[in-house]
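Read off the chains here:
2 protein chains.
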Amino acid sequence: MIEFGYGERISQLKKLVGTGKILLLGNTYSGRNYEDNVYPYRQDSTFLYFTGIKRSGLHLVIDIDKDTTTLYGDDATTDSIVWTGPRQKLAVIAEAAGIDQVRSMDQLSKAIDAETLYLPPYRAQHTFTLRALTGQEDLQASLSLIKAVIQLRSYKSEAEVAEMEKAVRLSNKIHSTLIRTARNGHFEYELLAQATQLAITNNTTWAYNPILTKNGQTLHNHDHHHQLADGDLVLVDAGIELPSGYCADLTRTFPVSRRFNSIQKDIYNIVHTAYLTAVVHTRPGVTNKEIHLKTAEAIVDGMKEIGWMKGDTGAAVVAGAHTLFFPHGLGHMIGMDVHDMENLGEIHVGYSQPEDRSTDFGLQYLRLGKKLESGFCLTIEPGVYLIPELIDKFASEGLHKDFLNYDKINQHRDFGGIRLEDDFLVTEDGCRRLGGDIGLPTSAEGIEALRPA
Amino acid sequence: MIEFGYGERISQLKKLVGTGKILLLGNTYSGRNYEDNVYPYRQDSTFLYFTGIKRSGLHLVIDIDKDTTTLYGDDATTDSIVWTGPRQKLAVIAEAAGIDQVRSMDQLSKAIDAETLYLPPYRAQHTFTLRALTGQEDLQASLSLIKAVIQLRSYKSEAEVAEMEKAVRLSNKIHSTLIRTARNGHFEYELLAQATQLAITNNTTWAYNPILTKNGQTLHNHDHHHQLADGDLVLVDAGIELPSGYCADLTRTFPVSRRFNSIQKDIYNIVHTAYLTAVVHTRPGVTNKEIHLKTAEAIVDGMKEIGWMKGDTGAAVVAGAHTLFFPHGLGHMIGMDVHDMENLGEIHVGYSQPEDRSTDFGLQYLRLGKKLESGFCLTIEPGVYLIPELIDKFASEGLHKDFLNYDKINQHRDFGGIRLEDDFLVTEDGCRRLGGDIGLPTSAEGIEALRPA
Numbered sequence: 001m002i003e004f005g006y007g008e009r010i011s012q013l014k015k016l017v018g019t020g021k022i023l024l025l026g027n028t029y030s031g032r033n034y035e036d037n038v039y040p041y042r043q044d045s046t047f048l049y050f051t052g053i054k055r056s057g058l059h060l061v062i063d064i065d066k067d068t069t070t071l072y073g074d075d076a077t078t079d080s081i082v083w084t085g086p087r088q089k090l091a092v093i094a095e096a097a098g099i100d101q102v103r104s105m106d107q108l109s110k111a112i113d114a115e116t117l118y119l120p121p122y123r124a125q126h127t128f129t130l131r132a133l134t135g136q137e138d139l140q141a142s143l144s145l146i147k148a149v150i151q152l153r154s155y156k157s158e159a160e161v162a163e164m165e166k167a168v169r170l171s172n173k174i175h176s177t178l179i180r181t182a183r184n185g186h187f188e189y190e191l192l193a194q195a196t197q198l199a200i201t202n203n204t205t206w207a208y209n210p211i212l213t214k215n216g217q218t219l220h221n222h223d224h225h226h227q228l229a230d231g232d233l234v235l236v237d238a239g240i241e242l243p244s245g246y247c248a249d250l251t252r253t254f255p256v257s258r259r260f261n262s263i264q265k266d267i268y269n270i271v272h273t274a275y276l277t278a279v280v281h282t283r284p285g286v287t288n289k290e291i292h293l294k295t296a297e298a299i300v301d302g303m304k305e306i307g308w309m310k311g312d313t314g315a316a317v318v319a320g321a322h323t324l325f326f327p328h329g330l331g332h333m334i335g336m337d338v339h340d341m342e343n344l345g346e347i348h349v350g351y352s353q354p355e356d357r358s359t360d361f362g363l364q365y366l367r368l369g370k371k372l373e374s375g376f377c378l379t380i381e382p383g384v385y386l387i388p389e390l391i392d393k394f395a396s397e398g399l400h401k402d403f404l405n406y407d408k409i410n411q412h413r414d415f416g417g418i419r420l421e422d423d424f425l426v427t428e429d430g431c432r433r434l435g436g437d438i439g440l441p442t443s444a445e446g447i448e449a450l451r452p453a
Numbered sequence: 001m002i003e004f005g006y007g008e009r010i011s012q013l014k015k016l017v018g019t020g021k022i023l024l025l026g027n028t029y030s031g032r033n034y035e036d037n038v039y040p041y042r043q044d045s046t047f048l049y050f051t052g053i054k055r056s057g058l059h060l061v062i063d064i065d066k067d068t069t070t071l072y073g074d075d076a077t078t079d080s081i082v083w084t085g086p087r088q089k090l091a092v093i094a095e096a097a098g099i100d101q102v103r104s105m106d107q108l109s110k111a112i113d114a115e116t117l118y119l120p121p122y123r124a125q126h127t128f129t130l131r132a133l134t135g136q137e138d139l140q141a142s143l144s145l146i147k148a149v150i151q152l153r154s155y156k157s158e159a160e161v162a163e164m165e166k167a168v169r170l171s172n173k174i175h176s177t178l179i180r181t182a183r184n185g186h187f188e189y190e191l192l193a194q195a196t197q198l199a200i201t202n203n204t205t206w207a208y209n210p211i212l213t214k215n216g217q218t219l220h221n222h223d224h225h226h227q228l229a230d231g232d233l234v235l236v237d238a239g240i241e242l243p244s245g246y247c248a249d250l251t252r253t254f255p256v257s258r259r260f261n262s263i264q265k266d267i268y269n270i271v272h273t274a275y276l277t278a279v280v281h282t283r284p285g286v287t288n289k290e291i292h293l294k295t296a297e298a299i300v301d302g303m304k305e306i307g308w309m310k311g312d313t314g315a316a317v318v319a320g321a322h323t324l325f326f327p328h329g330l331g332h333m334i335g336m337d338v339h340d341m342e343n344l345g346e347i348h349v350g351y352s353q354p355e356d357r358s359t360d361f362g363l364q365y366l367r368l369g370k371k372l373e374s375g376f377c378l379t380i381e382p383g384v385y386l387i388p389e390l391i392d393k394f395a396s397e398g399l400h401k402d403f404l405n406y407d408k409i410n411q412h413r414d415f416g417g418i419r420l421e422d423d424f425l426v427t428e429d430g431c432r433r434l435g436g437d438i439g440l441p442t443s444a445e446g447i448e449a450l451r452p453a
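Just so you know, the protein sequences line up as chains A and B, in that order.
Going by my numbering, the letters in the first sequence line up with residues 1 to 453, in that order.
Going by my numbering, the letters in the second sequence line up with residues 1 to 453, in that order.
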């Protein structure tokens, strides 16, 4: 067990929140096609952050005024040992985590009242539990608690960064293996099988359902039944989660043929330049929204060079013309959640003020817009996609005709999509790629060098 | 798409239920560590049985009196197409499934009233949806609907059996590969990785979280972090699910060393004889409870031969002395759910009358006790386990001292566990092993023949 300093984290949380009682819900099992056929268990990240305890069915109460922390849960009975095996006593688990005391679950409702602070529910079961415990039908998560947790979890310690580097290095290895392996005739699920084998054989799981597709233009594509053919691009967005909960989030796009064809390489280079632009600008004191827009400008500049766009770059980005190709945000925080702390409210994690978040198409999907600080971990993941339905929508609405050369674009409407994504730590004076700049290239030439002759 | 005859199934359901309106809930996505980081999607099996539709977020209303079936759901918007890609229109999907009409989801509440029949919720989200739709806080699933669905799903058609044979054959291949591969020094997760690779590369998923452990005595053991050593047994309980939803459920136990040692082979042979005893007795007209007890007798007979038990076999089984070694049931129905239809209520699936189910230790875990009929698919899965905590509990309570030789048993308290499980179709005059009697041996000699020299 890695020691992340749970006691210290709880002390800081108490200080930040100041007064009152805090309830942190641990997760329970979730049924798949019936109650007992459960999905693989995942502990709540905030519960894990403050306790390091992975066991299901536990809750934590932090009483700031009484200065006590109490773990609620039940030890196994002999009957349950038949099914689950001998398990550590909760008292032992609590002591290891620096928790003051253990109480049985039936005592929990007595400890909770209408004033107890809790985080937003993100599973239906949480809502049931919170309603039952608080007696409130309309739940109201505590904003001060949300902000305190974000304040702590946003700055990664050395131990946390070391874990994330480990997660990235293994994910790098999985990506480079796929780039080396993929061949004309493979089905997408055959590559997914190989990637999954590598994840599990290293005692890890997927941090999220991998995207592995020849249809990279569909941003959330979890189909894996297509057969790859020469000329196709393969977009792989996949990262592993370590037993500690820390994860990686990486994307590479590569050709099924030996090399990218001419237009594929042109678009790849535009995405790569956009990525490098973002890396160069990522440092404390700059807002991620600014960096996002700089990246968008790099994409427009590239598109102008190949004749798909025209006009003034700055004006095109202000108008949002680039969103035809780059409709999503530049990146997001990462840690124990791939979109770190998203369950606490993306708006609180990614923006200083809710009103800072734009409602424009494109910018509305920017999860992280606020000023960057040293210690943040985030993804940089620009992409260019040709989404036929979006092209048709933009064209039919006559959008951005001064900036978009629809004739040219329509010649490549079946292009697909390219995304390039790595994970970074914001340092004192810039940023550093997690896992180091080795093991998985970013450039078209680097990708091609991994492809078989 | 395999045509299972959805229209005919719905017609039969209408006939069986007779009158009223039926609501069948399709499943939605379930959040893992935040709402949008979802678990792999699984459609509800009953919804799938009557529609063949796998898409999430749809519900079906069957109005028996008006003789209409209506699919409720919403087509993708252009904005959502950016994320999910172009998708078939619901009207097309409904027509393919023989559903009369499609309505948008916001129309559903109008179609539902307090009299509408529905099945028991098994996800917290179902409970929310049913409460919101019916306006009832205390939900009451319809017993007549439950029984009608069980009546239909219990008898497998030729097309269904063909799918299950396919699921078993691939699962057989996975098991035999593991038996060939496992070596001293392997970690459990390395074998799991290989098995998972085989599942995914054949475009399938796991039907349930695999058990792959050197601690087979823990019945529901999902840890995979142990290292295998010569002398260990490995118990693997794993089966795949096809895209159609049909699945397999198989268990094999094999030695890490080249061969079973003497006591391992003795116990294996007892389990194998118990398995064969069950196979011989499985036929229409016999209750599975009778077969379970015959199997228990076979285990007691074997235990007497090696001196672990004594006394009259029949009396020992009536007393329940065998439950020290064989605490679970002989098997369960299988189909689109591993424990088929368990969400409808195990008691309704496995017993003609609720009062038929025993509350005795051991028998209480027998999921299927009722009279077998031709067309049922079920598992046969006897096992022998040495569970130290259970031995100590039985001994401290002085249980079954006339039947159990505790001294002898305690010499082997670290033995582990052995289970042997295959899937069977009940035929007109007996039963038939799904996938055929090839590809994966059942005997100790057969298992050893797969082990490397």
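Don't read these hints as lab results, they were simulated from the structure.
Any given hint could turn out to be false.
Claimed, not checked - Covered, in the sense of this in silico footprint (three residues per stretch, anywhere, with C-beta under 8 Å from a C-beta of chain B), are these stretches of chain A:
#1 121 to 130
#2 187 to 194
#3 409 to 416
To be verified - If you want the ones that stay clear, here's a sample from chain B, every Cβ over 12 Å from chain A, calculated:
#4 D44
#5 D63
#6 Y189
Unchecked claim - Sample of chain A residues lacking proximity to chain B, with all beta carbon distances greater than 12 Å (derived):
#7 D100
#8 L219
#9 N269
#10 R433
Please read these numbers as outputs of a predicted model, since none were measured by experiment.
The beta-carbon is built from N, C-alpha and C at its ideal position, and this holds for glycine as well.
Comparing the hints with the structure gives:
1. 121 to 130: holds (count 6)
2. 187 to 194: Answer holds; 6 residues pass the 8 Å Cβ test.
3. 409 to 416: Per the Cβ count (0), the hint is violated.
4. D44: 7 Å, violated
5. D63: 26 Å, holds
6. Y189: With a cut-off of 12 Å, Y189 (chain B) comes too close to chain A, as the shortest Cβ separation is near 5 Å.
7. D100: 26 Å, holds
8. L219: 5 Å, violated
9. N269: 24 Å, holds
10. R433: 23 Å, holds
The structure fails hints 3, 4, 6 and 8 (numbered hints given earlier, in ascending order).
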